[in-house]
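A.B. asks: Those sequence lines, one after another, are chains S, Y, D and H. Everything in the first sequence is counted per the working numbering, starting at 3 for the first residue and increasing by one. Everything in the second sequence is counted per the working numbering, starting at 379 for the first residue and increasing by one. Everything in the third sequence is counted per the working numbering, starting at 10 for the first residue and increasing by one. Everything in the fourth sequence is counted per the working numbering, starting at 306 for the first residue and increasing by one.
Calculated from the structure, these hints are not laboratory results. Keep in mind that this is a model prediction, so the values were computed, not measured. Here a beta-carbon is modelled for each residue, glycine too, at the ideal position from N, C-alpha and C. Please note that a few of the clues may not be correct.
[Stated by the list, open to error] Restraint ranges, calculated between C-beta atoms of paired labels, are given here:
# : chain 1 : residue 1 : chain 2 : residue 2 : range
1 : D       : K216      : Y       : V413      : 42 to 50 Å
2 : Y       : K414      : S       : A153      : 58 to 66 Å
3 : H       : D461      : D       : I180      : 37 to 45 Å
4 : H       : G448      : Y       : T418      : 57 to 65 Å
5 : D       : R166      : Y       : T418      : 48 to 56 Å
6 : D       : V103      : H       : G468      : 28 to 36 Å
7 : D       : Q42       : H       : G667      : 43 to 51 Å
8 : S       : A153      : D       : T172      : 53 to 61 Å
[To be verified] Lysine-lysine pairs mimicking BS3-like chemistry, simulated, CA-CA at most 25 Å apart:
#  : chain 1 : residue 1 : chain 2 : residue 2
9  : S       : K341      : D       : K216
10 : S       : K349      : Y       : K576
11 : Y       : K584      : S       : K59
12 : S       : K5        : S       : K83
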Amino acid sequence: MGKEVIVEVKHIDKRFGSTIALNDVSIEVRRGEIQGLIGENGSGKSTVTSIISGMQKADGGQMFYQGEKWEPLSMLWALEKGIGMIVQENGTVPGISVAENIFLGETGRFKVFGKEGKKWGTVNRKEMMKEAQHALDTIGASHIRAEQPTASLDMQDRKLVEIVKIMIKNPEVLIVDETTTALSQIGRDIIYKIMNRMKEENKAVIFISHDLDEIMNVCDSLTVLRDGKIIITFSKEEFDEEQIKTSMIGREMQGDYYRGDYDGSCGDEVVLEVKDANLGDQLKNFNLQIHKGEIVGVGGLSHCGMHTLGKVLFGACKPQSGSVLVRGRELKGEADAMKEQIGYAAKDRDVESLCLNASIRDNIAVGGLDRFAVHNFLVLPGKEKKYVQKQIDDLSVKCAEMNQYVSALSGGNKQKVVFGKWIGRGSEILILDCPTRGVDIGVKQAMYQLMYRMKKEGKSIVIISEEMAELIGMADRLIVMKDGEIKKEFPRSESLSESDMIQYMI
Amino acid sequence: MKTKNKNIFKQIAGTAAIPAAAFLIVLILCSARGVKLFETEGNWILFFRAAASVMLTTFALSLNLNSGRFDFSIGSVSLLSSVISASICTSLGLPTIPMLIISIAAGAVLGMVSGLIYVIVKLPPIIVSLGVALFYEGLAFAITNGYGVSFVANTELTSFPSVLNYVLIILFGLLIFIFLFDHTKFGYEYKALVSGQKVAINTGIKEVPNAILCYTIAGALMGVVGFIRATQTGTIQMSLNFGSIGVMFTAFLPMFIGGFIGRFCNEKIGYLLGAITTAFISLMYARLNVDASIQQIVTALILVCFLIYLNNENKVIELVTLKQYRNKKTK
Amino acid sequence: MKNSKIKKYIMNLTPLLGLAVLFAAFLILGTVQDINISYGLKSILSQSVVVAVVATGAIFIYTLGSFDISLGASTAVSALIGGIVYNKTESLLVMTLVCIGVAVLVGLFNSVLASVFNLPVFVTTIAMLSVLNALVLVLIKVNGTGSQIAVPAAAVRSLNNTTFKMVVLLIFVLLCIFVFSFTKIGRMQKFLGGNPVCAKLSGISEKKMAIIAFVMSGIGVGLGAFLSIVYAPTLTRNTASSVGMDVIIAIVFGGMPVSGGARSKIYAAVIGAFSMTLLSQIMVMFNLNSGIGQMVKAAIFILVVFLATSGQRGKMLPR
Amino acid sequence: MKKFWALLLTAAMMVCVLAGCGGKDSESDNAQGGSAGTENQGGGSGAGDSGEDATPELDMSKTVKIGILVSDATSAEALAFRTYYTEYIQKQYNVELIYSDELADAAGEAAAIDTFITNNCKAVISFSSFDRAAQIEQCEGVGVYYAVATGTLTEDEYETYKGYEHYVGAIGPSLSVEFETGYNMAKHYLDQGVKNFAIFGGAIPYYTEMHIYRAAGMLTAMIDAGGDGANYQGATDMGGVLGQIFADGEVKTGAIGDVNVLGYVGGYDMDDAWFGKCAQMAQTADLEVILAVGNGSDFFGTAIAGTNVKIASVDAYASSYGEAMEAGMLDYLAGKFSASIGPIFIATYRAALGSPIRTADGNAFALSQGYWVASSAEEFNTYYAVDSSVDAPAYTKEMLDTLLTADYAAFESFVSKYSFEEIQGM
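So that you can see chain S by itself, here it is in the shape it has in the complex (with noise of 0.2 Å):
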């Protein structure tokens, strides 16, 4: 079948005030193609997506859709007239049910009197739960039903009712936006299934993803953006790992990505542990060791209860039985876990871990008070800057100044911050969940380096995280939890690979 071009975007152009997201920036997206869509954080490939879908204006440049010009006056908008996108962040609205989301916005359709598009008219409760459910069952999501409280979901099928939400309009062009990296194995297949018929049928899809190997398999052909630039197009047959990243990052990578050793030693003092804890359905009679100067990788499924360890660990969580000890003592709490040294980068990144609204100076100073205050209590202006920098220039946070609003940075300097927030106060165990989620590979690496140095130092990491690589990378060793318990625990090994993990995810 002929590969006619679908989408079109031509030379567009997106500023936000200062900053250039996109310059110039022209695709092309074939029937019967996924076209993957690849860059470091801020390089601009969610903006093209959500230029395209309606979510935002470009300010220059054109956009054709079947050969027709595309202005798109919403994402509803888009989606009636074929373009539907995924978005990254959560899509569903919580306070209302699965249906009333599949349907959001053009409840109307269900009239019990009146005629189409009346204003303000009634909705058809019943009717609307029918084709809701109806929708739910023919993307094989039978199980979750169409009048429950989207708010009772799981991240993984809030999702999958954001699919729904897309796809029962079957669009000519589907745009998948990092959903995938909150999503279980199952999840992803799903939306492979999903993409992979769309392709079949001679539709379209724009695939965004972090994963390297994810987006090398499921791509026909492969777009690598820059600082809002189009790099390079790569199709199928000349993928290549090397130069996709290379390009991605603009250099050559220099050194070892992950670590380089093999050797999973550590001290032999336990400096963290958790007793027997148990916690609804996220921790069952739990019990965890983390040694001085070890490197804990724990793996699992989204919702396999790992995150909700990272906030035990950190005292944010109680245990409803058994409990958590720092040293051999109990943990009372956030307060009393900093004072024992312990830090937290939560997977949350831009709610539990940074304050969006304060400067970067705040946020990193905030981990720190206790450290530059004169007797705890006074804080002079001039210590706290000379602490602020230092933790800014030794992980060379890119911004203007320190009074910059961390909203401003990118993903990767905002997590540069939260580190410098725990590392500067001299942080001895640090809990990382997801720390690398969201980052680009610059950044990644910068930070696995850090990791492994502080291990050096003898300083205790634990790496909650979805990306199977990255444990397997950095992890002394290797935890695979499944409903809030351990399934299985790898040492440190180079033959480790990630279906040897998945088996005891699923």
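Starting from the structure of chain S, add chains Y, D and H where the hints point.
C.D. replies: Relative to chain S, chains Y, D and H alone:
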């Protein structure tokens, strides 16, 4: 089947529990003092008037508070709308129904205006509502040169207070409100915006008209409240410097009660029952001739205790601090 | 970047500019209508001081993104109890301490109640409002003539001068600025206001901070109570009744974001308080009737706050 | 940016509009000040003329600013007074009357007086009584004349301040007059053989003396009419009754001899419960008359509609009361007449012009003044016609001008003739 019955039973129990309890306690207290709760017709009227006006106020307050919009101005809207309608009707010698209609219309317009100001200046609603409250109070004062409006002698208008009329108001108010919010596109989009502002907007739901409509509806409701308050004595007293916000506070207890009952049945019905509960309390105060300062303290205690109870189930925080947490997340 | 930065900078100054403009207007109109300007300024200072002090303390609560509507009532109660105590002890010092003590206790009660039963503080203050109002009536009834509690005017007359009041205000403001900008507490409060979730995960206890905030505002309320006794030693059931709302208005008018957080600033309270008084003084010169006067006030209020914040407008409606 | 300016513009316009309507509406208040001024330049000699021959030494050419202190901007009385001052006096005399906002407490009073001083007011006429002593001290301190227009000072207050140079004096119903007002009101019905009363206590819970004395008057009348052994809570005379009310902070219901107080409501809570109390009191079985120490018909009017319960009030002559009387909802009104504040104005004005009126022994005066009592719609209307007139009010300029030169004796006798007939007789 059995479990189903159980559920239904549980629902009915949960729904009725609070007002029933309130009724019993009030009854006991009164009979302890040898007072009959409902003696004169006046008592009945008081009860239903309180229920009606409090219910509507609760609707008006909760409707915006649920979406994190705190509105100090509802009191002033009811004041001004009643002033407008009363002045018109007394000067033109119009009867009750037109006055009610004018009140509603005026209220709606006033509500819409404050909604418009809100969407235009895009300031936190709490600030806007402060300004609007001052403005409307001032306007009401200016219109009447401070005299307020008095039509005590106008038996046509002052004949409105009657159990039947108030019951009708309650029924219509409830039905219309339920219809608007549970069975229309507007209602569904409202719900979506409440809990998922960002997503809803990205999906293409228009927030601005929705918000304006919310304020308009709240205004209309307060128009009715203003009408009720005006016709009960045939006088409208002026208030300045936020004198009008008092009305708002009558709605908090019923709102929380409603929020609680909302688990077992439609939340709006919950609000009605909440209003009825407070109406019982007011009636008791009147019957037992309770001193004003005691009333205030007792009411406050009831509020706090109820909240303390609720909070163990973690419902209210959501309701009230919605605004604050939302801010943190979205900004 | 530059230009937007400058804009933001100006936005932040708007309240200050507002004050300046009002001040100029006062001077000009004043000279035109040849009023007694110097006396006017003095009286403006001494009229604003109570609201200014209370509002300054209240900033700590607003910084947490929460707010307290019982401040006026608690000022009244502290003043009344202070008055009663003075009439018993005849000592101004004791009176002052009692005022502060009572106010702090009320604040503590609010916040502790809130944190023990983890209620939203705002709700407890609603309840507190009516309790305190009732308390006012009771106090006057049992300890006064029934219509008032009066501290002998002679006792406080010596203190009733602008310099003294300004000194008190200045000291308190400096204290607050110190706590707010030069101590751990202030930093934690701002951060907490900015993002409670993250603050919790940075070892900041919301409850502790709330309690501290309410204590600070308590001190402000106490001083406010003391100053209102000095200003008008006869206390009636309506004493300080307007303070509660005036404080909210002043704080917002002064450019304090209601959501609290990093943009919070102490001086907002003072600026706001003085601006509002200036404004009403100017109204008097136009000799408007109360209604119109209030309408104009409202319009200017919205306008100034709008200009002060028009740096931060989003795609979504604020909440 | 453009949007920003646009918004700024709209906002600015909004303010202009306001200012505009402000100007328009306030004309009534404001322009008079001006017109008074202009009037004086041109026909102002009118004001001069009558003055000229009469009082050569009074220089009325300069506009005198006088501050009016009001604790209540909305009651019928307050508004009637305001109309008389702004619509009549201010037009007739070369004065600018600056009204304070509604004052809530002593602090408000102090602030308002400060404002007056700032605006170079030569004198203050006070309708606000949270802290009279403080007001007097404040004015004396800065040499501004001060007069009390409602109520009077207490004995020892008077003793303290009568000597003050800038304390002009007080004209208003003394507490004993208030007592009589209540007494006569009750008596009016007792004489008709009414036995069953209910009392509305107004501000008694807040211990407003004026209201307490009125209530005491009512109760004392009942005691006198209640036959032998009649007493109120054991009290049998004015002193006793007053003491009792001050002790309770309310009026107790119960039998006074063969007269009954069937119901009592106090305060102005204005909430559901309170209105409930009012309604149920109005509907008490075999109640005949509701005696209100203040405005009664507004709160009980609707409740008694259709019944033959009567309401008696104390307030002022406002149109709404006329309607209420026509409709039989108000039966008896002891009302201040708006012009009653004419003399105190003259006294203050004179003081401001440099010729204050002092008593024989050179002290500030303290004169009492009572109410016009209307017990029928006809009476009411006759009174109201005069009272509400802005062209020929009860005290016209001509009558008042005589006071500009009058000595204390003349002044006193003028004030003491306050009944409707007497005034019409002048």
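A.B. asks: Could you work out which earlier hints the structure fails to respect and list their numbers in ascending sequence?
C.D. replies: Per hint list: 2, 7 violated.
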